[in-house]
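Novice: Going down the list, the sequences are from chains S and U.
Positions -19 to 284 (my numbering) are the ones given, in order, by the first sequence.
Positions 46 to 285 (my numbering) are the ones given, in order, by the second sequence.
Derived from the structure by calculation, the hints contain no laboratory data.
Just so you know, even glycine gets a beta-carbon here, dropped at the ideal spot from N, CA and C.
Do not take every clue at face value.
Each computed SDA-like pair below joins lysine to any residue, with the alpha-carbon atoms no more than 20 Å apart [to be verified]:
no.: 1; chain 1: S; residue 1: K229; chain 2: S; residue 2: Y262
no.: 2; chain 1: U; residue 1: K121; chain 2: S; residue 2: E62
no.: 3; chain 1: U; residue 1: K202; chain 2: S; residue 2: P64
no.: 4; chain 1: S; residue 1: K47; chain 2: U; residue 2: E136
no.: 5; chain 1: S; residue 1: K107; chain 2: S; residue 2: T70
no.: 6; chain 1: S; residue 1: K85; chain 2: U; residue 2: I51
no.: 7; chain 1: S; residue 1: K268; chain 2: S; residue 2: N192
no.: 8; chain 1: U; residue 1: K121; chain 2: S; residue 2: E61
Derived list of chain U stretches under chain S, where covered just means 3 residues or more per stretch with a C-beta under 8 Å from a C-beta of chain S [to be verified]:
no.: 9; region: 56 to 68
no.: 10; region: 127 to 141
The chain contents come next:
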Amino acid sequence: MIKVSNLTKTFGQIKAVDNISFELKPKIITGLLGPNGAGKTTTMRMLTGLVTPDKGKISINNKDIKKEPLEIKKMLGYLPEENPLYSFLTVKEYLNFISEIKGIKNTKKEINKYVRDLGIDKVMNQKIENLSKGFKQRVGLSASLMGNPDLLILDEATSGLDPNQRIEIRDYLKKIKKTILFSSHILSEVQQICDEVIIINEGKIIAQGKINKLLKAKQQLKVGFKNTTKTKVEKEIKSNKDIEFELSKDKGIIWLTISSNKKIDLRKPVWKISEKLDAQIYQMEEEKQDLENIFSRLTKSNDE
Amino acid sequence: MMNNLIPLYKNELKRYFYSTGNYVFIALFGLVNNWLFFQNFFLNQQASLSAFFQNLPFLLLFLIPALAMGLMSEEKNKGTWEILLSLPVKEAEIILSKYLAGFTVVIASFLTTIALPITVYTHGNPNISVIFTGYLGALILSASYLALGVFVSSLTKQQTISFLITFAVLFVNDIFSQDYFLLRLPLSFRDVISSLSLTPYYKNIVNGLITLKGIVFIMTWIITFIILSYFHLKSRKDSR
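With the rest of the complex left out, here is chain S (with noise of 0.2 Å):
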């Protein structure tokens, strides 16, 4: 069990990740997400060691990191953004490095594993250096995984990857059941890999759960109307209060875009616009929600 709570950071005056709480439920990959600076990279950081966090607390598997940081460094696997590497050595030799240092006994055994599922038998004996992007953030990956560890937590994993090389690894971390906190730019990815999501801006939590309520969470209607204006809709729209709206006009439709988060049959306002002001209902359609739709209307508001 992995549990974060109360969580703040601050450097100078800026107040990197603002009193978050968490929990990882094990063997599920939870993305975590926001625009960049959002607090994405602190948080992991915080969570492997690397930074301290000015408030809060981090638990895995009941052990506190400020109390045991070693116990829990050791139930840890961890890849951070830039994959850094000791480039100078070849991945035998890196990999053996991780090896003893996470105290790992059969060494040859746990690398031959992660070295086969992940198909860098053939670099094995090349300097790190000389690796290909795809073969390095494999390697970073494979030192990662070493030790079976309790919590993987993966900055921007398949950053600089080619579709195919993403994809594969994205198959490898579904098929490996792990406890993974996974942070990505590529929202579709998220969407395919992550069971839950952890959305942050400005250092903190703006919603949090699994990617398909948070999905059903807001509903959106697009009606096109014909012979109306556009004051006339808006001030029959105004109305209702549960109601979000857009309104744009293109070669005389009035173009009105309607959402709520509550659960409302969203058609009824616009049959009844639609009444009211003898407008014809030119076009009406569910407009589908994606993470990009969610994580744009969450993280909007305060870009503006």
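Starting from the known structure of chain S, fit chain U onto it as the hints suggest.
Specialist: Chain U only, in chain S's frame:
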């Protein structure tokens, strides 16, 4: 228990010995020392290494900051710091492994001067214990310079800055022992200032004079900078 000291130390050694630059540097150190020594050795007709040990503090002013500059800074600059600190290693293990690896390279550098005592031995009848205390002094001085270098390197990501600061501090340390500087000071200050420099203690050891005051000063110097490096690392002040 420091279970990870050995693997960390071995990794540090690989960082040095897998780099061509390191060999060039050691070779250069050997070349300069051998050249400085042999250009006057046969003229002076003295079977003694005193000229070598006299030049050494000046040469170490360049060698040690260059050896130490990458110890911590490089990890920070390349980001491997993040990996290292996420592994189950103690801060003390990190500092000591780097210090010991640096010191090993110092020893390797001194091996390039092996021709000097051999030549002296074959051409005359030198006092072996003087040669021994000379090398002992040289290693102790290097160990002291290196402790400062490790600390400075832990403060910055930039190797050049690390080199320059270490060099500057060691340069001031050396100035404090020089007569041309001390003679400009009021008499009462001279002893105090020169006792703050490592160089007089080094000269004493080279001359076979090992004093308690000297040992205490050098040990305090080394331990202080190692402990400062440890606390700086522990504080994670640079981590963002």
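Novice: Would you mind marking each hint as holding or not holding in the structure?
Specialist: Going through the hints against the structure:
1. Restraint check for S/K229 and S/Y262: satisfied, since their Cα atoms lie roughly 13 Å apart, inside the 20 Å limit.
2. At most 20 Å may separate the alpha-carbon atoms for a hinted pair to count; U/K121 and S/E62 meet this at roughly 13 Å.
3. Of the pairs offered as hints, the one joining U/K202 and S/P64 holds, with about 15 Å between alpha carbons and a cut-off of 20 Å not exceeded.
4. For the hint linking S/K47 to U/E136, the alpha-carbon distance of about 15 Å falls within 20 Å, and the restraint holds.
5. The straight-line distance between the Cα atoms of S/K107 and S/T70 is roughly 4 Å, inside the 20 Å bound, and the hint therefore holds.
6. A threshold of 20 Å between alpha carbons decides the hint, and for S/K85 with U/I51 the separation of about 16 Å falls inside it, so the pair holds.
7. In summary, the hint linking S/K268 to S/N192 is supported, as the alpha carbons are separated by about 12 Å, within the 20 Å threshold.
8. Among the hinted pairs, U/K121 with S/E61 is consistent with the structure: their alpha-carbon atoms are about 14 Å apart, no more than 20 Å.
9. Given a C-beta distance limit of less than 8 Å, the hint that chain S covers the region 56 to 68 of chain U holds, as 5 residues qualify and 3 suffice.
10. Figure legend: the region 127 to 141 of chain U, annotated as covered by chain S; annotation consistent (8 residues with Cβ-Cβ distances under 8 Å, at least 3 required).
The structure agrees with every numbered hint stated previously.
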